[in-house]
Amino acid sequence: MPEVTTPARARSFEPVLLRVLASSFMLFVIAYIAIPIVINLTMSFSDAAMIRFPITGWSLRWYHDFFESEQWTGALVNSIVIALGTTVIATSAGILAAWAFERFPIPFKDGWYLLIMLPLFMPGVVLGLGVAIAFGGAVIGGYSIYGSRELVMIAHSLWAMPLVFMLMEATFRTLDYRILEASYDLGGRPIRTFFEIVMPLVSTGVISSALFAFVISLNEFVMALFLTNRDTQTLPVLMWLSLRSAGTPRLAVASVILALAVFACLTLIMLWYVRQLAKVSR
Amino acid sequence: MPRARFAPWLLLAPALVIVLVFFGIPTLYMARMSFNLHIDQRLYVPGFTVEHYLNLFSNPLFTNAIWTTVQLSLLASFFTVLLGYSFALLVWLQPTRWRLAFIGLALCPLLISEISIIFGWWMFFPRNGLLSYALVSSGLITNKISLMYTEFAAFVGLVYLTLPYSFFILLSIFDGIDKHLLEASADLAAPPLTTFREVLLPLTRTGILVAFAQSFIWVMGTYATPSALGPDTLWTMGYLIQEQMLGKHNWPMAAAFSMVLVIGVACVMILTRSLMSKRTAFHA
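Those protein sequence lines, which keep their order, are chains A and B. For what it's worth, my numbering labels the leading residue of the first sequence as 1, then goes sequentially. For what it's worth, my numbering labels the leading residue of the second sequence as 283, then goes sequentially.
If we strip away everything but chain B, and leave its shape as in the complex, we get (with noise of 0.2 Å):
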């Protein structure tokens, strides 16, 4: 029945217009883009070279940048992590009225634009911001201190953010466990952190891996908040490749910058699900 057989086509294809269209061919454009020529001030000027390429992985700057990524990422994502997974843990074992009340409380930052918790952090900060005057009307400095502009400043906007999604995926794998697991433990002899170290840890180290492939992926790609509550220095890639478009009007080194940084968002997730396979696998 030739119906049978569009029907599915038919009711794809705005889905797929949207995403072949608007997501396909620009990737597809930004990969030739970032062969094509950069010569006087012009926005791109067709041709073939590599040497945006290799500018990228020789240029201190860039390089700098890319290192500067990937170490940003590991560390807020192993913080994201760490507080995700405590967190998660504390709420499961709550009794459940409280738990209602602790989702809605991880759920205001996914809910929140980014750009109002980052000017709510850039009010804290600062010399004249929140923290500096709590700290000095209770007494514990005598004057006023700034911590706006610091690595320290950028990373705590940046698991603010990826927080809410670490909460999320380990909340769920905790609420797969049994609960009686730990009563047995308890009844074994087993002190908290053994049944900590020896059962629970096991059981959810897939959602470990999980939340920080999640929110390592979420801080690659980001430039907004550690270029607004960073120092001048912490060049992220986001952050070049914004400065690249917008700012230089180098559109062929942005799009280099963009495919690294697509490809290696990939290798994360090909990595994390062959981990994650092979986890499995040893259990079956």
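This is chain A alone, in the form it adopts within the complex (with noise of 0.2 Å):
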């Protein structure tokens, strides 16, 4: 009956070749995600002068060099202390928001849920030229709002707020709201509830929306091109500048450091989240 037996030869030579595909296709994809990674923590050790391969010796010069240089390490401080604005701004205005759409009624929610969202749409480009165009001779009390680290953070808020608002509206909705009528009924007014019982609660969503916000604005570059001058410009702007003149090993330097910071905040998120589990588990 070569009805039955064709899909059963057929089956049994695709299965083969299907998974030697497959594999060779994982292959791939693992080395294609790898191979800027790789390629900028080993350049990072060069001893080079350019950026060369093979690299012949090893050294931590450029590291050296990347610490010693006051501008390399000033927009270093910069980059971290925008980004701490960031996650300050974007963290509590987007939980607030977040508490009010899950609690009160709102007229044309929609409405107000998409201008939150809309910003997160939006290309870089657009929203750095936005601000700069609208607030560029803007100065306030002398202070020159333009090219201020201010004006990055709200600049940066307007893509991690959005992200934080949704994050935390999706953690919000788990909550379970007899506790807060618990609260209520012995006396807990809203703030102290808040502050008290429903924050502990969510405070996992709160540090994971936290971390992004940090490490978006930590790594963000095309708004803060357009909005930092040469005091206040981020690691990644300088690192862009820099790559429009002359590649050297000092930007491997400078990408491991930035991609130190983020990892040191996920071991910061995990190592939260296993004190959790392991107060939930006691």
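In short, the hints are calculated from the structure, not lab data. Backbone N, C-alpha and C define an ideal beta-carbon position, used for all residues, glycine too. Treat the hints with caution; some may be incorrect.
Over 12 Å on every C-beta distance to chain B, these chain A residues come out as not near it, computed from the model [claimed, not checked]:
no., residue
1, Ile30
2, Asp47
3, Tyr63
4, Glu70
5, Gly74
6, Leu118
7, Arg173
8, Glu181
9, Ser183
10, Arg192
11, Pro200
12, Leu218
13, Glu220
14, Arg230
FRET-style restraints, in silico, Cβ to Cβ [to be verified]:
no., chain 1, residue 1, chain 2, residue 2, range
15, A, Pro105, B, Phe478, 43 to 49 Å
16, A, Ala246, B, Ser420, 26 to 32 Å
17, A, Ile55, B, Trp291, 55 to 61 Å
18, A, Thr174, B, Ala289, 20 to 26 Å
19, B, Val481, A, Leu260, 43 to 49 Å
20, A, Leu271, B, Leu343, 25 to 31 Å
21, A, Leu175, B, Asn341, 53 to 59 Å
Hints in hand, dock the two standalone chains.
Here you go:
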């Protein structure tokens, strides 16, 4: 009966071929994702004055160079300060808005929702340009807003805040609101209940969204390019500008340091998460 | 109770201030700016003209940029979805112990700054880069080659940046599918490719659409990767906005360009939504 044997034979042949194809595809994807990361890591330990393969000598020369350069460490400090500021602004505004959406009836809810989420879908070039031309000459009390770190923090919050808002809305939805009722019944006022009952319950969500905000701001450089000057430029901006002139292993060092900052944050989330899990199991 | 009426607005205030003052006002300002005059090297001169929009759609420099951007976005999104789909499918089929490792791997491009990634590829493609070195030392080619500043390099960089989004969108879609469907299909004697075509593809169509739209929007708005890795002639819209703003100091032109970009992005979003709702309506 050929009708039966044909699919049977096809079945015994196809899985082998598919498995080989699948494994080689996986290897390809792993290599694709790993290449830029591994190159940055290895090049940062190069001893050479320029980018060249094969790498002939290894040293920490460019790390010394990075930390001795006032311009580069200054940019790193700017990046961290701006990222911390963005985290505070985006997290507090996002959490409060998400709480309002979860707990109160709001007229035109969908419209407000769209408005808050909209900046997340806008290209960085457009957001940066808009803020730059609208606040280009703005001066408050002799303090020029344009070029200040604060303006960059708020511009970065345009991306970070919708993300926090989205995450926290999902987190608040998982809360057991009977606990809140209990707190109100025991005379807890709304603000105190929020900080003493709600916040501890959603702490994992808060920590994760805060770190997302931090990472977004730390890595962003298109908006920052439009909004910073020489004194406030962030590390990615400085990397971009020096890539345009000439690439040296110093850029690889800067990449590694940026990535280390991000992974340090991730480790923090993990530790926090493990601690919470341990608390629950106790 | 007035208290309950004011409370939500008080809570929403910081978010709304940020969005309205730093997104709403700049957008309106940009819309107005795009009609201002640009006379002899001054940033802008208040006035009203549609010259910049006309220029945008008649000057071959700008129409080419729009066309290049759309083309590049379509092509990059296509390959992103293709790669992302296969990757997500294979991860979904893997035993769970590998799953976390692959998810971690896919997170890497998201966590690393775009500039670091650009620089990584910047060291990979040129004459003295890793690719050329690896090919020469393995004996595949005899002379050093450079793929730097080609459309291929720009393309590799762009797909790299959008791949994780596609992957995570599609993986979440796959996770919603009951794996028993595959067994059922196999029991009914369907070979794997038939199962894929008849069972998996229809179930993941919405995910493909969302992933495609997402990477299309992303690539439309980006400018750093194509301008750093691609040839000098690869002028995308993002690059021209930056060039008009910081290089040529022509603010009205940059604003007009941005408005076109924003409207393009909005159109893609609306189109995706309408395609999605049509599909769900069909199923219901």
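Now the hints, each set against the structure:
| no. | hint | result |
| --- | --- | --- |
| 1 | Ile30 | 7 Å, violated |
| 2 | Asp47 | 15 Å, holds |
| 3 | Tyr63 | 16 Å, holds |
| 4 | Glu70 | 21 Å, holds |
| 5 | Gly74 | 17 Å, holds |
| 6 | Leu118 | 7 Å, violated |
| 7 | Arg173 | 16 Å, holds |
| 8 | Glu181 | 16 Å, holds |
| 9 | Ser183 | 16 Å, holds |
| 10 | Arg192 | 14 Å, holds |
| 11 | Pro200 | 19 Å, holds |
| 12 | Leu218 | 7 Å, violated |
| 13 | Glu220 | 8 Å, violated |
| 14 | Arg230 | 14 Å, holds |
| 15 | A:Pro105 - B:Phe478: 43 to 49 Å | 46 Å, holds |
| 16 | A:Ala246 - B:Ser420: 26 to 32 Å | 29 Å, holds |
| 17 | A:Ile55 - B:Trp291: 55 to 61 Å | 59 Å, holds |
| 18 | A:Thr174 - B:Ala289: 20 to 26 Å | 22 Å, holds |
| 19 | B:Val481 - A:Leu260: 43 to 49 Å | 44 Å, holds |
| 20 | A:Leu271 - B:Leu343: 25 to 31 Å | 53 Å, violated |
| 21 | A:Leu175 - B:Asn341: 53 to 59 Å | 56 Å, holds |
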